[in-house]
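There are 2 protein chains.
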Amino acid sequence: MLPFQSLISINKNQQSPVYQQIAGGIIQLFRNGILKPGTFIPPSRALAELLSVHRKTIVAAYEELSAQDWIESIPRKGIMVAKHLPELKPRTFKAIEETTAYKSKTSNFFQRLNTAPYIERKSANYRYVINDGFPDPRIAPVDAMFRQYRYLLKRPNADKQIMFGDNAGSPNLRNALANFLSDSRGLNIDASNILITRGAQMAIYTAARLILKPGATVLVGELSYGMANQIFEEFGAKLIKVPVDENGMDVESIEKIVKKKKPDLLYIIPHHHHPTTVTLSAARRMKLLSLIREYKLPVIEDDYDYDFHYARSPILPLASANHGGYVIYIGSFTKCFASSMRLGYLVATADFVKSGAELRKLIDIRGDVLMEETLAMMLNNGEMQKHLKKSLKLYKQRRDLFCELLEKELGDKVTFNKPGGGMSVWVKFDKRYDLKKVSEKAASLGLFMRDGSAYNNPDKNLNALRMGFASLNEKEIKGVIGILKQIL
Amino acid sequence: MLPFQSLISINKNQQSPVYQQIAGGIIQLFRNGILKPGTFIPPSRALAELLSVHRKTIVAAYEELSAQDWIESIPRKGIMVAKHLPELKPRTFKAIEETTAYKSKTSNFFQRLNTAPYIERKSANYRYVINDGFPDPRIAPVDAMFRQYRYLLKRPNADKQIMFGDNAGSPNLRNALANFLSDSRGLNIDASNILITRGAQMAIYTAARLILKPGATVLVGELSYGMANQIFEEFGAKLIKVPVDENGMDVESIEKIVKKKKPDLLYIIPHHHHPTTVTLSAARRMKLLSLIREYKLPVIEDDYDYDFHYARSPILPLASANHGGYVIYIGSFTKCFASSMRLGYLVATADFVKSGAELRKLIDIRGDVLMEETLAMMLNNGEMQKHLKKSLKLYKQRRDLFCELLEKELGDKVTFNKPGGGMSVWVKFDKRYDLKKVSEKAASLGLFMRDGSAYNNPDKNLNALRMGFASLNEKEIKGVIGILKQIL
Chain A
0 MLPFQSLISI
10 NKNQQSPVYQ
20 QIAGGIIQLF
30 RNGILKPGTF
40 IPPSRALAEL
50 LSVHRKTIVA
60 AYEELSAQDW
70 IESIPRKGIM
80 VAKHLPELKP
90 RTFKAIEETT
100 AYKSKTSNFF
110 QRLNTAPYIE
120 RKSANYRYVI
130 NDGFPDPRIA
140 PVDAMFRQYR
150 YLLKRPNADK
160 QIMFGDNAGS
170 PNLRNALANF
180 LSDSRGLNID
190 ASNILITRGA
200 QMAIYTAARL
210 ILKPGATVLV
220 GELSYGMANQ
230 IFEEFGAKLI
240 KVPVDENGMD
250 VESIEKIVKK
260 KKPDLLYIIP
270 HHHHPTTVTL
280 SAARRMKLLS
290 LIREYKLPVI
300 EDDYDYDFHY
310 ARSPILPLAS
320 ANHGGYVIYI
330 GSFTKCFASS
340 MRLGYLVATA
350 DFVKSGAELR
360 KLIDIRGDVL
370 MEETLAMMLN
380 NGEMQKHLKK
390 SLKLYKQRRD
400 LFCELLEKEL
410 GDKVTFNKPG
420 GGMSVWVKFD
430 KRYDLKKVSE
440 KAASLGLFMR
450 DGSAYNNPDK
460 NLNALRMGFA
470 SLNEKEIKGV
480 IGILKQIL
Chain B
0 MLPFQSLISI
10 NKNQQSPVYQ
20 QIAGGIIQLF
30 RNGILKPGTF
40 IPPSRALAEL
50 LSVHRKTIVA
60 AYEELSAQDW
70 IESIPRKGIM
80 VAKHLPELKP
90 RTFKAIEETT
100 AYKSKTSNFF
110 QRLNTAPYIE
120 RKSANYRYVI
130 NDGFPDPRIA
140 PVDAMFRQYR
150 YLLKRPNADK
160 QIMFGDNAGS
170 PNLRNALANF
180 LSDSRGLNID
190 ASNILITRGA
200 QMAIYTAARL
210 ILKPGATVLV
220 GELSYGMANQ
230 IFEEFGAKLI
240 KVPVDENGMD
250 VESIEKIVKK
260 KKPDLLYIIP
270 HHHHPTTVTL
280 SAARRMKLLS
290 LIREYKLPVI
300 EDDYDYDFHY
310 ARSPILPLAS
320 ANHGGYVIYI
330 GSFTKCFASS
340 MRLGYLVATA
350 DFVKSGAELR
360 KLIDIRGDVL
370 MEETLAMMLN
380 NGEMQKHLKK
390 SLKLYKQRRD
400 LFCELLEKEL
410 GDKVTFNKPG
420 GGMSVWVKFD
430 KRYDLKKVSE
440 KAASLGLFMR
450 DGSAYNNPDK
460 NLNALRMGFA
470 SLNEKEIKGV
480 IGILKQIL
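As given, the protein sequences belong to chains A and B, one line each in that order. Letter 215 of the first sequence, counting from 1, is numbered 214 in numbering that gives the first Met the number 0, and no numbers are missing. Letter 366 of the second sequence, counting from 1, is numbered 365 in numbering that gives the first Met the number 0, and no numbers are missing.
Same shape as in the complex, but just chain A:
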């Protein structure tokens, strides 16, 4: 008889019942060719003794195996491994002890992406963190949201509402959003012009998939939002980089390129350019709009933090002008709540939105219908707008304090412009202070900050980074600046 006691492992701490563990172990013996079709396995009493378990446990395991068609009970002969099972060469006992299929190094059957490598995030125990420009999750109107979500979930027709969830997003949210965007951004649209996505990232991915073919060309700023660049490259496009100065992307450079050969797409963040936070000047806006019209130039206008502008009212997006439908406008509510709750949107012609919904369906079916309904309710009753007003006030105070202390304590070591909006300041460190070393030292003092290397290229060390202020309260801002002062 086989040494069953060494082939079948029982772990009483596991949540699955012992009889299931035994059945599973025996199945592995079939699968590995150790127990062959037509042979007999021990009677329940004998196996119970071998494995030191109650006989009833083995009986239950055998019932399981029989129900699953692995074994047959042959009257007066015993329990036989089903004859219809295919015969296999046995493997060594060692190989059976542990199924290590997922430890194999079989990487030849799939393609690596041609993009930035995945980096595992290790959350150490930092006292402070300077992020890229995230909202403060502590002020999110989570109670109002959850109350509404719960109400929707417990209603008798919740499953109906979910079943009728639209791939383009909840119709109520798309209607509410059409009003909100027309009111706040001067867009003349209705629900058919809106596609709801998980966040701005999925909106860029969707638009890029529809517009780009391998070999396409995309105009982007130098610098620009790196995660958008990676999407364009994923779809086989080539990037053409255009300078960005204190007035935004250089539209004259764009004009020269467009006149020579029309690119397939322009990606632009006119309001608070990433990473430098500059705003596209009025003259350049007008010029760009005339180029879009004249050359029918497709544009992704990424306006991820339109709702956060402090100095004056925000500048109307390109999308609000006459552009002939070539401007795909992208926005997000992620910055209005906590960054963990991702909800964005894309505005385009109804035809474009339809194709986007078809892709969205393949990627992710649809969003969280009830969360979308919750947001629709909060837009319609003004709770969302109230929350935006409140956060705007708070983040303005934080920006002012952060910039004031940065100037006062580190003014001779860093240069920056106080941003008119958004959640972060673009800070250049003096060449005396290498950001890589600064970031290492900061980590040892309990402050996490990036080293800015993501913005550099082989020829140029900018020694700069985005410093997010919105998620830090007064005390935390003082703590952060204190540590930086200690280092520099």
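I should point out that these hints are in silico values taken from the structure, not numbers from a laboratory. Values in this document were obtained by computation on a predicted structure and should not be read as measured data. A few of these clues could be false.
Treat identical chains as interchangeable: a pair holds within one or across any two.
Stated by the list, open to error - In silico SDA-like pairs for lysine to any residue, Cα to Cα no more than 20 Å straight-line: (1) 261 / 239; (2) 255 / 116; (3) 153 / 137; (4) 388 / 14; (5) 153 / 143; (6) 240 / 403; (7) 212 / 110; (8) 261 / 15; (9) 212 / 233; (10) 153 / 293; (11) 159 / 482; (12) 212 / 113; (13) 407 / 474; (14) 388 / 443; (15) 440 / 477; (16) 159 / 125.
Dock chain B against chain A, hints included.
Here is chain B on its own, set in the frame of chain A:
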């Protein structure tokens, strides 16, 4: 002077202040070439009279325009349109009245997908709905979830946790899930083998992107899960269809095809095949595993409702056997909560998971970090397992009642097998009753049900559909069967 009163519209019911509406209106006049660079606009008092608003409102609008660099105040001369703005040909007044850019029919700059067309969902006021097999959102443990989510969100380090959110999914959840899957499915894995996605759909999309190139071939069942087929076609693959009978996919057909020319991928749902809910037999499982090993055949094993098996304990997935890392295992928690909350996962070698995380980052950055942490907590403290046990018991009762009434009331008009698991029954209607007509009649009686046409092909009308029972309570099940009885 221009007829400003007819060119600038003011709507006091809008939430944006009147001065902003006026500034926006004047900007449109610049943009459209009506007001040219270097010309003068009316003094504030004059425009206030024309528009019937207070002078202070116009002053505020002009300050806004000046701050945005559109106008300059020239001492002793008046307010001038900035000279640096580009000069444009004026458009007709009519074109300016309304910016209808998004109503344009400009669909030549993007590609349509080669997939099922987007269909707008119209939720009518149905009394009952038969879905495809959804859980009942009313029993979701939403209070425990929200309590934990809220706690995580309000902690002082919430923004740090979000910032360190991993593209592959929360490390705590991946650890908890490795234990859960090892315990419930016999998978020998750790966190590095797991990629968290929004739902099973995104997991299939990710695996398909990594495995398929244009011109690839994919083995699928006839019938199979349509949304997976659409993904494979999106990546340029050709489908090879293999028959499915009461023992699942025909593995002998698979063997014949593989022996001739190895396909790039096999997609299979061994546990509860979609749509017919059949289970792959033990003999076919073993045979398939030996084919996978011998031919190094990449497989997507979709096991979307493993946790819902009533008749006996569920059959261990292919992924738990020795497959050399070629089986990509896909599961979901969406069926454990409400379908609105989408959270799935993919199990593969660490290398595959890394590449998957890189794609996930491009599509969607990451999931809801705090929701992932919440789920990790519920797996670790056993709340999730408790909820699963409770739902399993309830859904078993509902399955039994649904099948009993189906048999009793409609037994001579439909054929079906009581499914061993899952949330729906595959019901074939007698040819006397055309499902299209049945579904129309049902709608008029307050019951929404599909017409089964999605499963048909030009040669074959199956006259069958999946009838989800899990989201209907006892009363609702009786109501549904009552209406069907009335129709047939």
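Hint check results:
For the identical chains of this complex, residue 261 and residue 239 are intra-copy neighbours only, at 12 Å inside a copy versus 40 Å across copies, given an alpha-carbon limit of 20 Å. Taking the shortest Cα distances, residue 255 and residue 116 never come within 20 Å of each other, neither inside one copy (34 Å) nor across copies (39 Å). For the homomeric pair residue 153 and residue 137, the shortest alpha-carbon distance between copies (5 Å) is at most 20 Å, but the shortest distance inside one copy (26 Å) is not. Proximity of residue 388 and residue 14 under a CA criterion of 20 Å is satisfied inter-copy only: 12 Å between copies versus 50 Å inside one chain copy.
Proximity of residue 153 and residue 143 under a CA criterion of 20 Å is satisfied in both settings, with 16 Å inside one chain copy and 14 Å between copies. Proximity of residue 240 and residue 403 under a CA criterion of 20 Å is satisfied in neither setting, with 34 Å inside one chain copy and 67 Å between copies. In this homomeric assembly, residue 212 and residue 110 come within 20 Å of each other (Cα to Cα) both inside a single copy, at 19 Å, and across copies, at 9 Å. Within a single copy, residue 261 and residue 15 get their C-alpha atoms no closer than 63 Å, and across copies no closer than 37 Å, so neither meets the 20 Å cut-off.
When the C-alpha separation of residue 212 and residue 233 is checked against a cutoff of 20 Å, the pair qualifies both within a copy, at 10 Å, and between copies, at 13 Å. Proximity of residue 153 to residue 293 under the C-alpha cut-off of 20 Å is found in neither arrangement, the shortest distances being 53 Å within a copy and 51 Å between copies. In the homo-oligomer, the alpha carbons of residue 159 and residue 482 lie at most 20 Å apart only across protomers (17 Å), although the nearest pairing inside one protomer, at 54 Å, exceeds that limit. In this assembly of identical chains, the alpha carbons of residue 212 and residue 113 lie at most 20 Å apart whether taken from the same copy (16 Å) or from different copies (14 Å).
Taking identical chains as interchangeable, the C-alpha atoms of residue 407 and residue 474 lie at most 20 Å apart only when both belong to the same chain, with a minimum of 16 Å there against 70 Å between chains. In this assembly of identical chains, the alpha carbons of residue 388 and residue 443 never lie at most 20 Å apart, being 37 Å within a copy and 47 Å across copies at closest. Taking the shortest Cα distances, residue 440 and residue 477 sit within 20 Å of each other inside one copy (18 Å), while across copies they are farther apart (69 Å). For a Cα distance limit of 20 Å, the shortest separation of residue 159 from residue 125 across copies, 8 Å, qualifies, whereas the shortest one inside one copy, 45 Å, does not.
Hint compliance for this structure: hints 2, 6, 8, 10 and 14 are broken, all remaining hints hold.
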